[in-house]
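2 protein chains.
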Amino acid sequence: MKALQLTGNKENPLAFVELPMPEPKAGEVLVQLKASALNRRDYWIREGMYPGIRPNVTLGSDGCGTIVKLGENVSESLLNQEVVINPNQNWGENPIVQSDEYTMLGMPSNGTFAEYLAVPVDRVHPKPAHLTSEEAAALPLGALTAYRAVFTHAEVKEGDSVLISGVGGGVAQFAFLFAQTIGAKVFVTSGSEEKSQKVLDTGAAGAVNYKSEDWDKQLKKISGGFDAVIDSAGGDGFSKFVRIMNPAGRIVFYGATRGVPPKLDVFTAFFRQVRFQGSTMGNDIEFEKMLQFIGDHKLKPFVDSVRPFDEILDAFEIMAKNTQFGKLVVRF
Amino acid sequence: MKALQLTGNKENPLAFVELPMPEPKAGEVLVQLKASALNRRDYWIREGMYPGIRPNVTLGSDGCGTIVKLGENVSESLLNQEVVINPNQNWGENPIVQSDEYTMLGMPSNGTFAEYLAVPVDRVHPKPAHLTSEEAAALPLGALTAYRAVFTHAEVKEGDSVLISGVGGGVAQFAFLFAQTIGAKVFVTSGSEEKSQKVLDTGAAGAVNYKSEDWDKQLKKISGGFDAVIDSAGGDGFSKFVRIMNPAGRIVFYGATRGVPPKLDVFTAFFRQVRFQGSTMGNDIEFEKMLQFIGDHKLKPFVDSVRPFDEILDAFEIMAKNTQFGKLVVRF
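Protein chains in written order, with this note's numbering: chain C, 1 to 332; chain B, 1 to 332.
Excised from the complex, chain C in its bound form:
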């Protein structure tokens, strides 16, 4: 079977390889992938900028496919079911934070950029019925990360004023969908007027270009202040959020593409009882709740494009340029 692996060769970091068909062990199922999707994580791994990477591993955390073979001790009823794969491995006992043994599908263990993948039976969940295979493949890591950030950590509820920064990002777009669905007033930032317009067209309460000198003042003006901010940029902007928060506001951050905040106005933060909450991925219960939420509300992920698996390297190039709006999906 065909798979996309990290080579360890800097000039050609990714290559298609031919691998033996995986054999499901006891308690496992063999999934024939119908679609996979890229995450920023895959891109960082390609760039060699992710902790603990090693060559000859199949990348990919997101996938949707059909169960075509069962290991021992797996119910026959699962055969031929179409499923979404939970990329978490060994989250551990504490729902609040992952264990030291936690890893994710697609590095260091083989992932979803392959025609077949064997996973433990508790990693698969029925595909939401209202979604195509390509749409369902767009969910796992991004929607999980957004679900935890928006609901578990930012505790977003109906009527809240919420800011999603960098709404071009995959997690950010799920965060936007989730916050909006629950009835929050959702504002966004983007460096692209085109992306802003697309989100405004789907109901955002307002959008500001973060390249503007006074983006923070503009946001304050149009929103009145935020109960929650969901951010993955960090950097200088992070410090500015503090002054546009409502009292007891929550700033949840799941990345820092612009580096560490150069300073933090802790004076305003303590007087207003503002919270900064680090967040990453989500636990297995959150994964199930996320699928349930998407099913209950018949949410559709933003999908930029779907291309054949053979052309997945093109998807990596689009991610490098950051011109996509929505998930980059490949089909098998």
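Quick caveat, the hints were computed from the structure, so don't treat them as lab data. A couple of the hints might just be wrong.
Same chains, same names: a pair is fine if it fits in one copy or spans any two.
[To be verified] Dumping the calculated PhoX-like pairs for lysine-lysine here, alpha-carbon to alpha-carbon at most 25 Å:
id: 1; residue 1: Lys321; residue 2: Lys10
id: 2; residue 1: Lys263; residue 2: Lys217
id: 3; residue 1: Lys263; residue 2: Lys211
id: 4; residue 1: Lys298; residue 2: Lys211
id: 5; residue 1: Lys217; residue 2: Lys240
id: 6; residue 1: Lys69; residue 2: Lys10
id: 7; residue 1: Lys220; residue 2: Lys157
id: 8; residue 1: Lys69; residue 2: Lys221
id: 9; residue 1: Lys2; residue 2: Lys221
id: 10; residue 1: Lys240; residue 2: Lys263
Since the structure of chain C is already known, use the hints to place chain B on it.
Same frame as chain C, but now just chain B:
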């Protein structure tokens, strides 16, 4: 009656004045103070370094005294009761954060550095029976701030590994007492070996001098890592806490005497799902719970010294030098 007021004169910012006896209005009680205590807040006000200060206001947030006169619509049974005064005014409806109308006794309204004070009847609570008037007067603002920081925000529980930074401070000492009483393993920092030793003598699990170059590494070594940190220093040290936190650790900050943190390792913070929580004072329910907790566990505050009200300016001088260990109390 005699009171200590802010003069508005920079050279002599504080002065004793003779004021008419306050008259309790309907729903109020007149308290004859038996003891008051200083907070760092009083010192900042004297220095002109507090927002919204104005002259001709009696300072003081902490006080314990006897109800000697009742306004209309107040139960006769309260007469002659000894009470602790809750310094909160208009916290508001939201338990999570104070309202815009929130103020505190002792600026902008007259406070407890006076022989008599009239306050609404819902501001007074019976003095914990196991405490002297002087000990009870040491509680209000410091113990309230610590209670919220330790329990509401840091969610400290039995078995947690907790760091209280700058344990010479009034709030820090209450935080130490509370965390220890609940069964946490409590580590402290101080710039004074003498203060560290005193806290070690009362059961701290370990102490490190924050003037050491490698205080953070020392703390990590003796504690293994922290589930919660209670801090009011901010500055460079704040950034270092991130790397000595256990996963899902909570850093609660209620001040920043060393200024804003110059940079913050948000990468470690999001991967470990660390929380930074601003905190200040506490709500009225927390005030009652704090008194209950102190009563249930028969806790005694650290009291540095008790002096006559006439000598309160000496207490301000001690606070300026920061040589005290425990609250600076005055008696009437």
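Against the structure, the hints:
1. Lys321 x Lys10: within (19 Å within a copy, 60 Å between copies)
2. Lys263 x Lys217: both (18 Å within a copy, 23 Å between copies)
3. Lys263 x Lys211: both (20 Å within a copy, 22 Å between copies)
4. Lys298 x Lys211: neither (34 Å within a copy, 57 Å between copies)
5. Lys217 x Lys240: Classified as within: same-chain Cα gap 9 Å, cross-chain 31 Å, threshold 25 Å.
6. Lys69 x Lys10: For Lys69 and Lys10, neither the intra-copy (36 Å) nor the inter-copy (84 Å) Cα distance is at most 25 Å.
7. Lys220 x Lys157: Cα proximity of Lys220 and Lys157: one copy only (20 Å, versus 38 Å across).
8. Lys69 x Lys221: neither (57 Å within a copy, 50 Å between copies)
9. Lys2 x Lys221: So Lys2 and Lys221 fail the 25 Å test inside a copy (53 Å) and across (48 Å) alike.
10. Lys240 x Lys263: Both, since 9 Å and 14 Å are each at most 25 Å.
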